[in-house]
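Novice: If you want the building blocks of each chain, they are given just below.
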Amino acid sequence: KNQVEQSPQSLIILEGKNCTLQCNYTVSPFSNLRWYKQDTGRGPVSLTIMTFSENTKSNGRYTATLDADTKQSSLHITASQLSDSASYICVVSARAAGNKLTFGGGTRVLVKP
Amino acid sequence: DTAVSQTPKYLVTQMGNDKSIKCEQNLGHDTMYWYKQDSKKFLKIMFSYNNKELIINETVPNRFSPKSPDKAHLNLHINSLELGDSAVYFCASSQAGSFTEAFFGQGTRLTVV
Numbered sequence: 001k002n003q004v005e006q007s008p009q010s011l012i013i014l015e016g017k018n019c020t021l022q023c024n025y026t027v028s029p030f031s032n033l034r035w036y037k038q039d040t041g042r043g044p045v046s047l048t049i050m051t052f053s054e055n056t057k058s059n060g061r062y063t064a065t066l067d068a069d070t071k072q073s074s075l076h077i078t079a080s081q082l083s084d085s086a087s088y089i090c091v092v093s094a095r096a097a098g099n100k101l102t103f104g105g106g107t108r109v110l111v112k113p
Numbered sequence: 114d115t116a117v118s119q120t121p122k123y124l125v126t127q128m129g130n131d132k133s134i135k136c137e138q139n140l141g142h143d144t145m146y147w148y149k150q151d152s153k154k155f156l157k158i159m160f161s162y163n164n165k166e167l168i169i170n171e172t173v174p175n176r177f178s179p180k181s182p183d184k185a186h187l188n189l190h191i192n193s194l195e196l197g198d199s200a201v202y203f204c205a206s207s208q209a210g211s212f213t214e215a216f217f218g219q220g221t222r223l224t225v226v
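As you go down the protein sequences, you meet chains A and B in turn. If you count the first sequence from 1, position 47 lands on 47 in the numbering used here, and the numbers rise without skipping. If you count the second sequence from 1, position 67 lands on 180 in the numbering used here, and the numbers rise without skipping.
In isolation and in its complexed conformation, chain B is listed as follows (with noise of 0.2 Å):
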């Protein structure tokens, strides 16, 4: 009965590769996010949908493209893939409003070779 959950948790790649990241949310929810988490451990948000619709899109490169096929799911799917890459990357969701609390799944540890 996982909330927020995410797949694969562990992803490695070669340079130039095509890969995809699945992240699904069973509360209910009509806001999704993807975050990336860098060496640092500072968390930045790349793309927020509302209700299959994309409301927040950060500086995130084209290669990174997410697709909403329905609001329960979210998912990220990068070509050709960098060296720079390689972070961990955490799907959430929330209900609309501001004063909601954010649900994180497990994260993504993407290594890219």
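Chain A on its own, in the form it takes in the complex (with noise of 0.2 Å):
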């Protein structure tokens, strides 16, 4: 069964620190890994989308990594603004009829001056 876990859950962080959310799936077969960011009442809106040739790509202050050996991806918030309290939400395409999308249940991510 397709699946894409991430954690934590939830987190607080201090405005201007940095901080790194984790995602692991078993999509199969894969074809590539996206990050979602989805503001309260928003639609998400796509941070970066990476296939399994790539390890890592940064959208500003947000970088993803993948290991699509270990089926692992992170993503890692630099210096970070109150603007960037949201959920943050990892997607796994797989090649297949329609590119299905498998979502995460996401991170709430809290900044806080």
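Among the clues, some could well be false.
Residues of chain B clear of chain A, computed beta-carbon distances all greater than 10 Å [as the list claims (entries may be wrong)]:
#, residue
1, 125
2, 127
3, 172
4, 175
5, 182
6, 188
7, 192
8, 195
9, 197
10, 219
11, 220
Derived lysine-lysine pairs resembling DSS-like cross-links, with alpha carbons at most 25 Å apart [unchecked claim]:
#, chain 1, residue 1, chain 2, residue 2
12, B, 132, B, 149
13, B, 184, B, 153
14, B, 122, B, 184
15, B, 149, A, 100
16, A, 1, B, 157
17, B, 180, A, 100
18, A, 112, B, 184
19, B, 184, B, 157
20, B, 122, B, 154
21, A, 1, A, 71
22, B, 153, A, 71
23, B, 184, B, 132
24, B, 135, A, 100
25, B, 149, B, 135
26, B, 135, A, 71
27, A, 1, B, 154
28, A, 100, B, 157
29, A, 57, A, 17
30, A, 112, B, 157
31, B, 165, B, 149
32, B, 184, B, 135
33, B, 153, B, 165
34, A, 1, B, 149
35, B, 149, B, 122
36, B, 135, B, 154
37, B, 157, A, 71
38, B, 132, B, 122
39, B, 122, A, 57
40, B, 122, A, 112
By construction, these hints were calculated from the structure, which means they are not laboratory data. Quick reminder that beta carbons are idealized off the backbone N, C-alpha and C, glycines included.
From the two separate chains plus the hints, produce the assembled complex.
Specialist: Here it is in structure tokens:
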């Protein structure tokens, strides 16, 4: 069964600090892995998309890593800002009809001043 | 110039009623989706349409019927609403292909009382 698990479920960090979110997946056959940011009351917005051959990808202060061998990914947020408070969702796409996406439950990040 | 727009944003209705949620995208994408986000915040795909043709239909009660009059619209009609249908429903669109980004609407919060 295709699954995506994220940890921690939630975390609180002080403004300006860094944090790292984890994602483990069992989706097969693997196509790509995405990280989305979802603000409260909004739809998810894509941060990064990585294929199995990519180890790291950055988008501003967000850096995602991928280890396709261990089926793990991480999202690192550098110098956090209050606007980073949101849920971060790891999504894995399988190579199948319709490129079905499997979503993790998300990590809720709260950045405090 | 909203990319993916859903209406209504909030919907409160009684059990047994029939309701529809509309979705439109102006990105020229050929694939549209409906997702359900439950109370635990997991997003699960319900349907996927490519050029008005159904390509993914997860295990969704047949009370849910998607309608795609053209590739820019994918509406969701729900018959005989039940309490368990309460959730946030997201519409999304993408261009066909493994590595294309999916763009999400703002969501429709459905509450069945």
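Novice: Indicate, hint by hint, whether the structure satisfies it.
Specialist: Hints, one by one, checked against the model:
no.	hint	verdict
1	125	holds (16 Å)
2	127	holds (24 Å)
3	172	holds (13 Å)
4	175	holds (19 Å)
5	182	holds (20 Å)
6	188	holds (17 Å)
7	192	holds (25 Å)
8	195	holds (23 Å)
9	197	holds (19 Å)
10	219	violated (5 Å)
11	220	violated (5 Å)
12	B:132 to B:149	holds (15 Å)
13	B:184 to B:153	violated (31 Å)
14	B:122 to B:184	holds (22 Å)
15	B:149 to A:100	holds (14 Å)
16	A:1 to B:157	holds (14 Å)
17	B:180 to A:100	holds (20 Å)
18	A:112 to B:184	violated (43 Å)
19	B:184 to B:157	holds (21 Å)
20	B:122 to B:154	holds (17 Å)
21	A:1 to A:71	holds (14 Å)
22	B:153 to A:71	holds (23 Å)
23	B:184 to B:132	holds (21 Å)
24	B:135 to A:100	holds (22 Å)
25	B:149 to B:135	holds (14 Å)
26	B:135 to A:71	violated (37 Å)
27	A:1 to B:154	holds (19 Å)
28	A:100 to B:157	holds (10 Å)
29	A:57 to A:17	holds (20 Å)
30	A:112 to B:157	violated (30 Å)
31	B:165 to B:149	holds (20 Å)
32	B:184 to B:135	holds (13 Å)
33	B:153 to B:165	violated (31 Å)
34	A:1 to B:149	holds (19 Å)
35	B:149 to B:122	holds (14 Å)
36	B:135 to B:154	holds (22 Å)
37	B:157 to A:71	holds (21 Å)
38	B:132 to B:122	holds (13 Å)
39	B:122 to A:57	violated (33 Å)
40	B:122 to A:112	violated (29 Å)
When the structure is compared with the earlier hints, violations turn up for hints 10, 11, 13, 18, 26, 30, 33, 39 and 40 and for no others.
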